[in-house]
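J.: Residue numbers (our numbering), protein chains in the order written: chain R, 156 to 586; chain W, 3 to 132.
Bear in mind the hints are in silico, worked out from the structure with no lab data behind them.
Please note: incorrect hints may appear among the correct ones.
Said to hold, decoys possible - In silico lysine to any residue, SDA-like type, Cα no more than 20 angstroms apart, as pairs:
hint, chain 1, residue 1, chain 2, residue 2
1, W, Lys43, R, Gly185
2, R, Lys513, W, Ile123
3, W, Lys4, W, Glu52
4, R, Lys342, W, Pro78
5, W, Lys17, R, Arg347
6, R, Lys513, W, Gly131
7, W, Lys77, R, Arg347
8, R, Lys558, R, Leu221
9, R, Lys432, R, Asp421
10, W, Lys7, R, Gly358
11, R, Lys187, R, Tyr200
12, W, Lys32, R, Ser380
13, R, Lys187, R, Leu561
14, R, Lys212, W, Glu39
15, W, Lys17, R, Thr195
16, R, Lys513, W, Met95
17, R, Lys388, W, Gln125
18, R, Lys388, R, Met369
19, W, Lys17, R, Ala346
20, R, Lys513, W, Lys4
21, W, Lys7, W, Glu39
22, W, Lys77, R, Lys432
23, R, Lys202, W, Pro76
24, W, Lys119, W, Asn129
25, W, Lys77, R, Glu356
26, W, Lys17, R, Ser191
27, W, Lys32, R, Ala346
28, W, Lys7, R, Lys558
29, R, Lys342, W, Lys32
30, R, Lys580, R, Gly358
31, W, Lys77, R, Ile353
32, W, Lys77, R, Ser380
33, R, Lys513, W, Lys43
34, R, Lys184, W, Ile24
As the list claims (entries may be wrong) - Footprint (simulated), chain W over chain R, 3 or more residues, beta carbon under 8 angstroms:
hint, stretch
35, 168 to 179
36, 391 to 399
37, 402 to 413
38, 495 to 509
Think of the CB as a built atom: it goes at the ideal place given N, C-alpha and C, for glycine as much as any other residue.
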Amino acid sequence: MATFEDVVCPICGCLCDDIVATVEDNKIKGVKNSCSISATKFLNYHKHRLTSPLIRKNGEQVPVNLEEAVEKVAEILTNAEYPAIYGMALSSCEAQGLGVELAEEVGGVIDNQTVTCHGPTALGMHDMGMPTCTLGEVRHRADLILYWGSNVEESHPRHLRRYSVLSKGRFRKEREERKMVVIDVRKTASARPADLFIQIEQGQDYELMSALRMVLQFDEIEEESVAGIPVEKIEELAELLRNCEFGILFFGLGLTMSRGKERNIDAAISLVRDLNKWAKFSIMPMRGHYNVTGMNEVTTWQTGYPYAVDLSRGYPWYNPGETTFVDILRRGECDAALIIASDPLAHFPKDVAQNLCKIPFAVIDPHPSVTSLVADVVIPSAVTGIEAEGSAYRMDAIPLRLKKVLDPPSGIYSDEELLQMVLEKVRSMRG
Amino acid sequence: MKGFKATLLTGRSLKQGMGKEISKTSDRYKESVSICEVHPKDMEDAGLKERDVIRVTTQFGSVIVKCVPSDHIPKPGIIFIPYGPYASALIGMNTNSTGMPTFKGISAEVEPAPGEKVLDIRQLLTNLGR
Ligand code: SF4
């Protein structure tokens, strides 16, 4: 029996790096420090696996050997005019780098899950910049922690305990030394530990942020309430924000997915900028998939832009709304796709999903997904962070090393190895 | 039993998070995403009981799911479906030039649908054309 300490959990943007995994007979027997989602993954990741490469023939997926599957993927991408490589928020940075290279080789679009999570955050950040910090600074120093549009307890179950309100920091040791505010449409489990919960009308975040900014400047609001919140309560909140020493605004998809989208992010960044007149204040998006931040970093190093990069012109072209995977599918322009560790048929709007179903596409994934069930080619991969090592970026852009704690099933390779094979095949086909 | 108008939110849930880690083809995943959280008052007014089958319709599509009362719902007239293929059936593809479809705050109608069946994920895919 072997025990692995400080394993990095490959699930959410918290990238908790204190998991202890006990391994016996190449199986994980137990985990410590995991949250419920993490324990579910570590103890079940080996069940329900894709076991063989598959190619869809006459509407049925039939097992093939790896070489044939890799060749088919290369053929689909090489024959396309405007292919897309999509996903990899659950892959290592090393694999992500190869994904970008592959998109460049085939002259297509490289995009990732950012498009349907914090794409608007990237847009807001381009406009405004982002005064941010690390989770370590929050843990040790923050005395006011505001979650806006984020159900942190369900999406990032250990965030509160490891990095924020309930963590033991160097300078903020006790719970009483911090205030927690939650602003959300639903009174979720995350509202329970909050000192102040503000239930906002759906889609009126921009209005509330504008009102808050006015109150902070001591401007008078002539309405009785804004976004369903009485002005006195907004004043109470402003007072709390103004009087902290180190505040942090963590925001989730409640801001990026609602009316206003990137404008909500502009407003949030402006609010934080204003607050810096009173206190030290930072802002950070609650990134979901464990290495979606890494995908933004890697795509930026290699192309200059964080997501939705069109490489069909021979140089990188970035224009979210035009070059985003959802939009090139929506307009029916994309004519082939390689989906890596992602499930767009489960998460894209129905009509966009329908357009994906009209074109040839391949999936690389350790597990069956809604998308893999009907893909033209499926290649099973190792589970990165359990069966393959690599680098990943935490939500605060701190890189951590994912560990390999046991071997993948025989004949199963990592995303990195598989993408290398596809890239080589494409290069040999293109001559 | 009568229907009602509502604003649809979609989002993460812990059960969906755990369901997807078991398997996207597991019953547990299907169970976790083919539900719609409804305010208890709306349930009562519509004569709905927990796990009754309902049809949710938006201008973009329609889907059959099971309703569950939830005290997370702030007030009558708001409904919540976890991310997944059932929620996606109700989302429009316009991204307002941002790449991001509107996943929260969509006008919807809810009707009791006794006798209707919640489709399997396979059947949903057939409807997508595969
Ligand atoms: S909070 Fe996220 S990273 Fe940490 S153990 Fe849970 S799922 Fe893993």
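J.: Run every hint past the structure and note whether it holds.
T.: Here is how each hint holds up against the structure:
Between the alpha carbons of Lys43/W and Gly185/R the distance comes to roughly 43 angstroms, so the proposed pair goes past 20 angstroms and is violated. With a CA separation close to 18 angstroms, the supplied pair Lys513/R and Ile123/W stays within the 20 angstroms bound. Distance restraint check for Lys4/W and Glu52/W: the Cα-Cα separation of roughly 15 angstroms lies within the 20 angstroms cut-off, and the hinted pair is therefore satisfied. With a C-alpha separation of about 13 angstroms, the suggested pair Lys342/R and Pro78/W falls inside the 20 angstroms cut-off, and the hint holds.
Between Lys17/W and Arg347/R, the direct Cα distance comes to roughly 18 angstroms. Compliance with the 20 angstroms bound is thereby established for this hinted pair. Restraint check for Lys513/R and Gly131/W: the C-alpha separation of about 7 angstroms stays at or below 20 angstroms, so the hint holds. Distance restraint check for Lys77/W and Arg347/R: the Cα-Cα separation of roughly 18 angstroms lies within the 20 angstroms cut-off, and the hinted pair is therefore satisfied. Distance restraint check for Lys558/R and Leu221/R: the Cα-Cα separation of roughly 25 angstroms exceeds the 20 angstroms cut-off, and the hinted pair is therefore not satisfied.
Of the supplied pair hints, the one linking Lys432/R and Asp421/R holds, its CA atoms being roughly 18 angstroms apart against a limit of 20 angstroms. As the CA atoms of Lys7/W and Gly358/R are separated by approximately 17 angstroms, the hinted pair is consistent with the 20 angstroms bound. Between the alpha carbons of Lys187/R and Tyr200/R the distance comes to roughly 16 angstroms, so the proposed pair stays at or under 20 angstroms and holds. Between Lys32/W and Ser380/R, the direct Cα distance comes to roughly 41 angstroms. Violation of the 20 angstroms bound is thereby established for this hinted pair.
This hinted pair checks out: Lys187/R and Leu561/R have alpha carbons roughly 17 angstroms apart, not beyond 20 angstroms. Distance check on the hinted pair: Lys212/R and Glu39/W sit about 40 angstroms apart at the alpha-carbon level, beyond 20 angstroms; violated. A hinted pair counts as satisfied when its Cα atoms are at most 20 angstroms apart, and Lys17/W with Thr195/R qualifies at roughly 11 angstroms. Among the hinted pairs, Lys513/R with Met95/W is consistent with the structure: their alpha-carbon atoms are about 16 angstroms apart, no more than 20 angstroms.
About 48 angstroms separates the Cα atoms of Lys388/R and Gln125/W, which puts this hinted pair outside 20 angstroms; it is violated. A threshold of 20 angstroms between alpha carbons decides the hint, and for Lys388/R with Met369/R the separation of about 14 angstroms falls inside it, so the pair holds. Pair hint Lys17/W plus Ala346/R holds up; C-alpha atoms about 18 angstroms apart against a cutoff of 20 angstroms. Note on Lys513/R and Lys4/W: the hinted pairing is violated, with a Cα-Cα distance of about 38 angstroms set against a maximum of 20 angstroms.
For the given pair, Lys7/W sits about 14 angstroms from Glu39/W by alpha-carbon distance, which is consistent with the 20 angstroms threshold. Restraint check for Lys77/W and Lys432/R: the C-alpha separation of about 37 angstroms exceeds 20 angstroms, so the hint is violated. A distance of roughly 38 angstroms separates the Cα atoms of Lys202/R and Pro76/W; the hinted pair therefore is violated under the 20 angstroms criterion. With a CA separation close to 15 angstroms, the supplied pair Lys119/W and Asn129/W stays within the 20 angstroms bound.
Restraint check for Lys77/W and Glu356/R: the C-alpha separation of about 10 angstroms stays at or below 20 angstroms, so the hint holds. About 10 angstroms separates the Cα atoms of Lys17/W and Ser191/R, which keeps this hinted pair within 20 angstroms; it holds. A threshold of 20 angstroms between alpha carbons decides the hint, and for Lys32/W with Ala346/R the separation of about 27 angstroms lies outside it, so the pair is violated. Taking the CA atoms of Lys7/W and Lys558/R, the gap is near 49 angstroms; set against the 20 angstroms cutoff, the hint is violated.
A threshold of 20 angstroms between alpha carbons decides the hint, and for Lys342/R with Lys32/W the separation of about 24 angstroms lies outside it, so the pair is violated. With a C-alpha separation of about 48 angstroms, the suggested pair Lys580/R and Gly358/R falls outside the 20 angstroms cut-off, and the hint is violated. The straight-line distance between the Cα atoms of Lys77/W and Ile353/R is roughly 14 angstroms, inside the 20 angstroms bound, and the hint therefore holds. For the suggested pair Lys77/W and Ser380/R, the alpha carbons sit about 17 angstroms apart, so the restraint of at most 20 angstroms is met.
Annotation: proposed proximity of Lys513/R to Lys43/W is violated, straight-line Cα distance about 43 angstroms (limit 20 angstroms). The straight-line distance between the Cα atoms of Lys184/R and Ile24/W is roughly 16 angstroms, inside the 20 angstroms bound, and the hint therefore holds. Coverage of the stretch 168 to 179 of chain R by chain W is violated [criterion: at least 3 residues with CB-CB distance below 8 angstroms; count 0]. With 0 residues bearing a CB less than 8 angstroms from a CB of chain W, the stretch 391 to 399 of chain R misses the requirement of three and the coverage assertion fails.
A count of 5 residues in the stretch 402 to 413 of chain R with a Cβ less than 8 angstroms from any Cβ of chain W is obtained; the coverage claim is therefore met, three being the minimum. For a cut-off of 8 angstroms, the count of residues in the stretch 495 to 509 of chain R with a CB near a CB of chain W stands at 11, and the three-residue condition holds.
Of the numbered hints stated above, those contradicted by the structure are hints 1, 8, 12, 14, 17, 20, 22, 23, 27, 28, 29, 30, 33, 35 and 36, listed in ascending order.
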